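S.K.: I would like the entire structure built from these sequences, with the hints used as guidance.
First to last, the protein sequences are chains A and B. Residue numbers for the first sequence follow the UniProt record's numbering, so the first one is 1 and each next one is one higher. Residue numbers for the second sequence follow the UniProt record's numbering, so the first one is 1 and each next one is one higher.
A couple of the hints might just be wrong.
The list cannot tell twin chains apart, which means a pair is met if one copy fits it or any two copies do.
[Stated by the list, open to error] The list that follows gives simulated cross-link-like pairs (lysine-lysine, DSS-like), each with its CA atoms no further than 30 Å apart: (1) K397 x K248; (2) K248 x K148; (3) K378 x K148; (4) K384 x K288; (5) K15 x K255; (6) K348 x K446; (7) K288 x K21; (8) K357 x K15.
If you are wondering where the hints come from, they were derived from the structure by calculation, not from laboratory data. Every value quoted in this text rests on a predicted model; they were computed, and no experiment measured them.
2 protein chains.
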Amino acid sequence: MSNTQILASFAANLKFEQIPKDVVARTEDLFLDWFGSALAGREARPVETIQKHAFDFGPQSGPCEVLISRRTTSPLFAAMINAAASHFAEQDDLHNSSVLHPATVVFPAAWAAAQALGRSGKEFIAASVAGYEVGIRVGEFLGRSHYKIFHTTGTVGTIAAAAAVGNLLRLSDEQMVNAFGSAGTQAAGLWEFLKDAADSKQLHTAKAASNGLLAAYLAADGFTGAKDIFEGAKGMGAGMSTQTHPDKLAEALGKRWALIETSFKYHASCRHAHPAADALLQVIQREKLVPDDIETVVTHVHQAAIDVLGPVTDPRTVHQAKFSMGTVLALVAEFGHAGVREFDGHYKESRIAHFCKKVSMVLDPEVDTAYPSRWIGKVIVQTKDGRSFEGRVDDPKGDPGNTLTRAELEHKTITLGLYGNAATEDELKRSIASVWTITDATVVPKLLPESELEAQHG
Amino acid sequence: MSNTQILASFAANLKFEQIPKDVVARTEDLFLDWFGSALAGREARPVETIQKHAFDFGPQSGPCEVLISRRTTSPLFAAMINAAASHFAEQDDLHNSSVLHPATVVFPAAWAAAQALGRSGKEFIAASVAGYEVGIRVGEFLGRSHYKIFHTTGTVGTIAAAAAVGNLLRLSDEQMVNAFGSAGTQAAGLWEFLKDAADSKQLHTAKAASNGLLAAYLAADGFTGAKDIFEGAKGMGAGMSTQTHPDKLAEALGKRWALIETSFKYHASCRHAHPAADALLQVIQREKLVPDDIETVVTHVHQAAIDVLGPVTDPRTVHQAKFSMGTVLALVAEFGHAGVREFDGHYKESRIAHFCKKVSMVLDPEVDTAYPSRWIGKVIVQTKDGRSFEGRVDDPKGDPGNTLTRAELEHKTITLGLYGNAATEDELKRSIASVWTITDATVVPKLLPESELEAQHG
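M.R.: Laid out in structure tokens, this is it:
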């Protein structure tokens with residue numbers, strides 16, 4: 001059997017009962033974390049524009065919930081809108097070694113398909129795990145050379161979504177291979193948008209989730225795809241990577257649960273800035289510094305951080321600010337946390353822009369070698385009075401070695417839900433309870449009630 | 001101004017009045033030719049599967065016609081289904097130097113948007129020309145190295161569709177740049193499916209047309225994309241080509257009308273087989289041979305022909321047979337033409353399979369150097385009685401130097417429409433009349449009447 005066949009067979013056949021309890025529990029954590037991120041995308045212009053066109057081009061109601069508007073639609077468009085929404089606030093999860101944001105592509109597709117198909121909570125969890133395990137491995141297969149040009153969450157996300165939805169559709173092994181083929185040949189997403197602060201990021205996740213879902217549904221009806229879309233001579237590896245890692249594709253399936261290596265985002269910024277942010281915070285707290293004490297901060301980073309954050313020298317939008325190492329560190333220095341409210345309220349302030357100029361990045365061989373398996377944070381802080389301090393963090397907050405508790409996740413969810421004006425605190429608490437008891441559901445529920453206002457549309 | 005800005009400005013501002021009469025007339029020819037190809041895709045399993053899901057996931061009616069079913073839907077899904085349908089029978093047009101099939105991605109998107117927006121026939125023609133001119137230039141920009149792995153019609157087709165729809169939406173220059181950005185970052189399509197005879201080809205055109213349309217509609221509502229999606233450091237050129245041709249992107253806009261270089265397909269096979277087919281036919285007719293006289297046919301071809309046709313050694317489906325040099329030449333030897341009916345009725349026959357084994361391909365430096373600007377056909381035919389004949393065709397039938405007449409196009413359209421059981425001959429004649437008078441239409445019409453049967457769905 002080829003690596004692709006092994007991976008497809010795993011994705012097609014994974015059952016809830018095979019998944020260790022801690023993996024199930026972490027999946028629930030990640031699902032709740034995703035729900036908060038999706039609500040935080042409400043009122044964001046690019047997300048609302050995608051939603052508008054989803055309802056212009058798609059049906060006005062259906063079996064699947066759209067979290068930001070409480071409307072319903074078909075699974076294709078629910079996956080599209082929820083995926084766009086959950087990748088806006090830069091609060092969704094990240095798997096380190098694959099540089100994939102799995103939640104924002106896996107859950108929108110799996111949740112929409114589970115609602116459309118009337119599957120149980122346990123089936124939804126198993127499908128989501130399949131999506132994570134497949135997506136992470138394909139991300140590792142394509143590797144760093146892929147990520148230099150392509151937004152892995154857009155490209156690989158298409159495969160991850162297909163794997164999750166294919167599991168819910170109960171595809172045969174062969175149908176799952178076909179779903180991978182149709183997903184991989186739709187896989188797209190270029191980093192070029194970043195330096196213009198353009199809206200493509202949400203388009204990438206929207207299309208990854210909906211295209212992956214489509215690939216799986218097509219496969220269920222006999223639509224065929226390439227059998228070797230990853231390793232084939234004209235496949236994803238050949239076209240979209242200069243150095244693949246074929247051994248990663250089907251490695252340790254059912255033994256290594258890669259999902260559990262996924263990090264939660266504590267700061268609301270691009271993840272590449274988190275390690276340095278935590279290292280700076282360590283110095284500030286340890287040395288009892290205030291921002292004005294600081295002359296310079298030299299962050300010691302991996303190459304991908306320079307590739308992704310380097311072009312952002314003068315952030316003009318809040319979204320671009322989340323990709324500015326300087327802004328992230330300025331907010332952390334000022335507030336101890338760079339959350340959604342810190343960004344929205346302060347990213348433009350002159351004191352933040354002033355601190356921004358103190359921050360630089362240099363490539364650090366140790367950090368770069370450890371990446372992407374480990375994201376080490378190292379900074380050197382020079383004070384105005386001539387002192388120099390080193391900060392170092394081996395597990396940034398939110399990483400598996402320093403994860404968020406359920407209480408912290410609930411707090412984050414409520415913060416994000418209220419931030420997006422997407423739900424009341426009472427509603428959010430009921431949603432949280434639904435997530436913690438999802439495995440008891442014989443048919444997946446809706447996470448939010450249809451509001452009276454919005455139901456008139458449907 | 002960057003090349004991208006120049007190209008976008010051209011696409012946004014092109015008006016019917018600026019287009020030479022012969023270009024308008026050829027656009028009508030290409031549109032009619034596309035219409036026939038779309039009808040020929042009716043009843044094809046992959047096309048019908050895509051249509052099924054378009055109606056499962058999309059609205060049940062709308063302003064846009066779906067040619068194969070006489071149903072209506074939103075522009076997104078009309079573009080999707082009509083694009084899938086028109087790339088099945090291998091009868092749609094091809095532009096040589098860009099190796100792009102423009103009709104199957106430009107017309108479905110432009111026709112759907114024109115119907116949704118109530119635009120005139122002249123506006124539809126101008127938008128279609130914009131789509132052709134842009135798509136062809138982007139295909140030339142990405143070049144042969146792109147085509148080795150990527151199905152240019154899938155990738156570049158997304159841009160071409162966005163250009164056409166953006167013109168109909170009357171985008172500003174800046175909005176058109178954004179549309180290109182959103183289209184380019186969705187661009188996808190890998191050749192890997194070909195050796196498995198998988199169904200991806202129709203998925204590629206379906207998604208190119210609908211994704212490009214989406215990109216343009218999003219841009220009209222302020223959704224932004226990368227400003228330099230073609231030439232940027234993390235753009236299409238960087239990620240999807242190893243040798244780009246930047247001078248091609250914005251070359252001779254409004255002076256060179258690249259649309260008019262587009263070839264019609266005379267045979268119903270992959271275009272890479274056409275030159276050799278015509279050269280073989282020349283030898284057979286000139287020397288009055290029958291298939292049994294022939295011992296071997298050595299075709300002298302360009303590298304891309306070997307890349308695309310080479311993997312197909314034992315065609316198992318009619319679609320795969322269209323990518324078998326041996327089958328195409330066998331049908332031509334037997335019937336003088338490899339049309340849709342010749343393929344369907346005979347590709348499996350033992351005499352065809354027998355002839356197939358006589359055919360080989362060798363790389364020819366002259367042919368390869370001329371490609372893709374010119375597609376030269378050269379064969380050496382060895383007869384069983386020891387004679388050797390050379391055949392050579394510089395302009396295969398359907399090429400601009402040897403184009404199809406309007407009478408030939410009408411005949412092809414009726415053949416394809418009847419082949420797909422998509423319309424009666426009377427209906428087809430009325431459709432043909434609609435196309436020849438399209439520039440008189442103040443609002444584009446429907447090309448086919450809604451049938452009573454199908455209207456019940458709507």
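S.K.: Please write out, lowest number first, the hints stated earlier that are contradicted by the structure.
M.R.: 6, 7, 8
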